[in-house]
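Using the sequences and the hints, build the whole thing.
Number of protein chains: 4
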Amino acid sequence: MKLTILGGDGRSIRLAYLLEEDGHDVKAFGFKEDHINKLLLSHTLDEALDKSSVVIGPIPLSHDEVYLNTPFHPEKIPLEDIFKKMKPDQVFMAGKISEEVYNLAKTNNIKAVDLMNREEMSVLNGIPTAEGAIQVAMEEMDIVLHGANALVLGFGRMGKILCKKLQGLDVNVYVGARKVKDLAWIESYGYIPVNLVELNAYLKNMDVIFNTIPSMVLDGERILNINQDTLIVDIASVPGGVDLEKAKDLNIKVIWALGLPGKVAPKTAAMILKNTITNIIEELGVL
Amino acid sequence: MKLTILGGDGRSIRLAYLLEEDGHDVKAFGFKEDHINKLLLSHTLDEALDKSSVVIGPIPLSHDEVYLNTPFHPEKIPLEDIFKKMKPDQVFMAGKISEEVYNLAKTNNIKAVDLMNREEMSVLNGIPTAEGAIQVAMEEMDIVLHGANALVLGFGRMGKILCKKLQGLDVNVYVGARKVKDLAWIESYGYIPVNLVELNAYLKNMDVIFNTIPSMVLDGERILNINQDTLIVDIASVPGGVDLEKAKDLNIKVIWALGLPGKVAPKTAAMILKNTITNIIEELGVL
Amino acid sequence: MKLTILGGDGRSIRLAYLLEEDGHDVKAFGFKEDHINKLLLSHTLDEALDKSSVVIGPIPLSHDEVYLNTPFHPEKIPLEDIFKKMKPDQVFMAGKISEEVYNLAKTNNIKAVDLMNREEMSVLNGIPTAEGAIQVAMEEMDIVLHGANALVLGFGRMGKILCKKLQGLDVNVYVGARKVKDLAWIESYGYIPVNLVELNAYLKNMDVIFNTIPSMVLDGERILNINQDTLIVDIASVPGGVDLEKAKDLNIKVIWALGLPGKVAPKTAAMILKNTITNIIEELGVL
Amino acid sequence: MKLTILGGDGRSIRLAYLLEEDGHDVKAFGFKEDHINKLLLSHTLDEALDKSSVVIGPIPLSHDEVYLNTPFHPEKIPLEDIFKKMKPDQVFMAGKISEEVYNLAKTNNIKAVDLMNREEMSVLNGIPTAEGAIQVAMEEMDIVLHGANALVLGFGRMGKILCKKLQGLDVNVYVGARKVKDLAWIESYGYIPVNLVELNAYLKNMDVIFNTIPSMVLDGERILNINQDTLIVDIASVPGGVDLEKAKDLNIKVIWALGLPGKVAPKTAAMILKNTITNIIEELGVL
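So the protein sequences, as listed, match chains A, B, C and D.
Per the numbering used here, residue 1 is the first one in the first sequence, and the count goes up by one each step.
Per the numbering used here, residue 1 is the first one in the second sequence, and the count goes up by one each step.
Per the numbering used here, residue 1 is the first one in the third sequence, and the count goes up by one each step.
Per the numbering used here, residue 1 is the first one in the fourth sequence, and the count goes up by one each step.
Just so you know, the hints here were simulated from the structure itself, not pulled from any lab data.
All figures in this text were calculated on a predicted structure; none of them were measured in a lab.
Listed next, the in silico BS3-like pairs over lysine-lysine satisfying Cα-Cα at most 25 Å (straight line):
(1) B:Lys204 <-> C:Lys267
(2) B:Lys263 <-> C:Lys253
(3) C:Lys274 <-> D:Lys179
(4) B:Lys267 <-> C:Lys248
(5) A:Lys204 <-> D:Lys267
(6) A:Lys253 <-> D:Lys263
(7) C:Lys111 <-> D:Lys181
(8) D:Lys274 <-> C:Lys179
(9) B:Lys2 <-> B:Lys96
(10) D:Lys84 <-> D:Lys106
(11) B:Lys181 <-> A:Lys179
(12) C:Lys181 <-> D:Lys274
(13) B:Lys181 <-> A:Lys96
(14) A:Lys267 <-> D:Lys204
(15) C:Lys179 <-> D:Lys111
(16) A:Lys274 <-> B:Lys179
(17) C:Lys181 <-> D:Lys96
(18) B:Lys263 <-> B:Lys274
(19) C:Lys267 <-> B:Lys248
(20) C:Lys111 <-> C:Lys274
(21) C:Lys181 <-> D:Lys181
(22) A:Lys2 <-> A:Lys84
(23) C:Lys263 <-> B:Lys253
This is how it looks when you write it as structure tokens:
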């Protein structure tokens with residue numbers, strides 16, 4: 001199967017190599033020669049798209065909804081050009097496709113699939129995210145995690161995997177959640193459930209706090225209960241969950257770690273991407 | 001707070017004791033004197049209900065939707081009598097309340113809450129169910145679980161907790177599921193994902209298979225792939241997931257283990273019940 | 001290679017089958033026809049020993065140092081007869097060979113190896129012993145192990161494996177030891193170290209106590225600190241470590257579980273035996 | 001109790017603070033004012049030693065067996081001066097005391113204790129060493145540890161703790177050892193035993209190799225079997241266990257990580273030191 005990689009960062013390049021190793025005919029466009037194996041590089045967008053079954057854009061697809069996200073390419077590539085040149089039987093995939101861009105694709109009769117909406121991708125990205133959060137904690141703390149008190153805020157995708165790994169390192173794992181059902185799950189997995197209503201009583205005894213809730217859970221008031229020795233690792237997406245200014249005033253260290261998969265395990269991140277793309281190809285019956 | 005326990009088996013009796021230990025004024029009816037501490041026993045239904053805030057029936061509430069489930073009481077107690085004698089500010093709780101009985105309660109202006117619908121109860125019951133399934137496997141197998149190949153069918157409430165405990169015993173944990181998302185979760189937790197489409201290839205190498213899926217997953221055809229040495233422990237509720245007759249023909253041992261919490265850890269089962277009741281009381285603001 | 005199995009219980013019979021599955025020529029003597037596959041059975045001791053490279057006696061070898069331990073054979077077989085009939089190039093292995101019997105073998109120019117002195121066998125038997133202890137606890141307790149307080153007395157072979165498995169089941173694992181070094185190891189593995197000097201303070205809060213120390217550690221005085229609800233599982237060999245009479249007076253349940261490998265996982269026990277025998281054969285260069 | 005800290009690096013300074021937090025009267029000498037809280041600093045060696053019960057030197061005590069190891073002090077302090085000024089009832093502790101220095105202390109009637117000979121210290125240092133090795137692997141690998149193949153060479157102090165933590169992170173843990181007994185232990189803990197005789201067959205499939213054996217185990221020949229993508233983390237003390245030149249030729253990345261406790265968890269390292277010192281004080285009955 002011919003596959004096209006259009007723009008993106010190191011993750012897209014690794015993805016190109018992994019797809020080629022799997023035996024696909026891979027063509028790339030939107031990179032300079034010194035970033036990627038020349039043999040994969042097409043000279044023109046037309047050449048790259050020609051006879052391709054699946055066209056894979058970057059993650060995120062675009063920063064302005066007009067041009068492709070191409071950090072490794074000197075010239076700008078308009079999204080509209082891509083959709084105009086594609087044929088209706090070609091599938092377009094990329095990360096974070098806006099409503100606007102969806103419509104643009106549709107107008108051009110192109111089926112666009114947002115990789116970030118795929119649940120298996122979010123779930124699997126929880127693995128490098130959890131390892132990355134642990135790596136950050138190890139790097140920033142002057143004590144070992146072994147025997148430390150760690151509080152994980154939120155018991156969703158990232159929280160669940162992170163908790164298991166922390167427990168596997170013999171950390172005392174506290175988990176803060178709001179719903180009675182989540183608190184029951186936390187207990188079932190052998191962690192210590194903390195009702196968010198009673199959070200303040202726990203904050204001062206923690207050596208490290210991992211936040212996974214993307215809303216202001218450690219606000220200016222709650223943060224007053226946190227010890228200066230405590231490290232906060234926020235892995236929640238924008239807007240995060242920590243009052244950063246207040247933390248700075250109180251001399252509490254906060255690391256807001258975003259995009260961990262690509263940073264701490266770029267090859268794994270590319271493999272997860274590849275598997276997700278393969279699943280979509282199978283489900284759509286792309287030939 | 002005054003609480004009334006009406007009928008039920010050993011679990012209800014243990015529940016009465018646990019509630020009393022918590023400092024509640026507990027009255028019981030629907031038991032013979034030799035089954036329960038006499039001091040808790042009321043002589044009449046009226047006496048038991050008088051001034052009570054919460055009336056707690058058995059699990060299941062009834063076998064015929066007419067009379068209370070009272071294995072330890074010689075005389076039948078009609079559900080209608082209970083609702084007629086209760087006051088509107090009293091709350092009624094029990095397990096498996098049918099539509100019919102709900103309506104009966106409503107007609108009599110009584111708020112009825114089904115304990116089996118509470119998610120925290122189902123989740124927490126996963127703990128004794130998982131331990132019970134492991135106990136059954138230990139009792140029935142002539143090899144150790146350590147290093148054995150175990151397949152868990154289904155990755156819902158029971159599957160998730162069971163898998164974690166099996167892994168904690170150094171078992172090789174395979175998990176069968178159908179959805180791409182579930183398979184991603186299975187991988188994220190460090191178990192070996194088995195797409196149910198490819199199940200047959202795995203069946204013959206398993207030392208023990210735990211089924212949690214309440215539909216015929218190990219049917220007469222699939223079961224042909226299972227080894228005679230393999231133990232099957234079915235913890236799925238009725239109708240179960242194993243073709244029992246075919247298994248018998250093939251001389252494959254199947255243990256269909258239902259109601260494990262009450263059997264393997266009756267005190268824990270009663271404690272889960274108590275915590276669930278306490279949660280409901282708090283949520284409803286019962287005084 | 002021809003191997004001879006002489007006497008013993010079910011474990012010896014399973015061993016015979018396992019050795020045959022491995023492709024050896026196995027002959028057995030000291031069993032009745034209805035206990036073992038007839039094809040393996042020799043009619044006389046001479047026939048059994050003829051051309052054999054290794055002669056494998058029971059575990060334990062004898063109860064009186066005169067006759068072979070043959071629970072499944074109507075006639076007594078004197079040890080002396082065996083050694084007299086064996087040839088000097090044949091190796092004799094069995095469990096618990098006394099000084100006296102060693103000398104008897106030596107007098108007859110026979111090399112005897114005690115299987116119970118092999119460290120790999122003691123270590124590996126720790127696996128079924130640990131699982132068996134957990135099975136006993138699950139069967140006897142009315143609460144789940146999950147979240148329970150368990151105290152393991154002694155951090156030797158059995159203690160180490162048992163603790164890891166208990167932790168894997170989300171038990172709170174306390175370990176009692178005397179030496180500073182052992183207490184450091186206990187902490188390194190993520191368990192809670194208990195200096196035996198301060199044992200009394202911990203005893204009353206335990207749900208289950210596993211003893212692995214073969215001397216009176218839970219004596220009449222210490223046992224006074226143990227709660228009536230606490231289960232004691234003693235897996236220490238004779239003389240055990242619990243004052244059984246005092247425990248009975250205090251209505252504390254004690255299960256003294258000996259020989260767990262053969263009871264809870266006879267096939268695993270036979271496999272460990274087989275692997276140990278194979279190791280010895282390799283080391284001795286038996287042909 | 002008055003305690004004296006003489007020279008050393010950041011670990012000694014942290015130790016001084018921890019001992020003071022415990023309520024001891026701590027005096028330090030051999031540091032410049034800007035490295036340590038002035039209130040603890042003595043102006044002269046005599047002042048520092050006066051009325052002290054225990055004198056704690058650095059780790060290692062000296063680099064030349066003549067002068068104290070004082071990286072934070074401009075002037076050299078001869079060991080002989082210290083022992084001459086100490087009184088016979090004062091105890092001297094430090095790390096890595098040579099035969100020569102022992103004799104020097106003895107000549108001056110001073111009891112010297114080598115902290116590095118204390119088993120609890122070696123064992124507990126295994127915790128930050130294991131976490132540090134994992135941190136290094138996380139930092140250097142472009143894939144996650146989750147699901148990776150890791151080989152640990154050696155099953156001594158460091159190997160045992162490292163393996164448990166790797167397993168807790170859902171790594172496939174292979175362990176290389178030579179003795180039948182160690183291989184049995186490895187199996188008992190649920191890791192995959194690799195007989196060093198068969199090591200070459202495993203090397204090529206590993207994502208990361210941790211060496212804990214302080215002798216040339218990954219020599220120029222064995223290393224030929226290792227993949228270029230494989231990371232080697234050597235945590236064995238001098239002379240290490242990897243042919244570094246050959247690895248460089250083959251473009252295989254090797255990180256030789258020494259002194260991990262002080263680097264990755266300096267506070268924990270100081271706490272372990274403090275606990276060891278406290279144990280010695282108790283055992284010696286120092287007043």
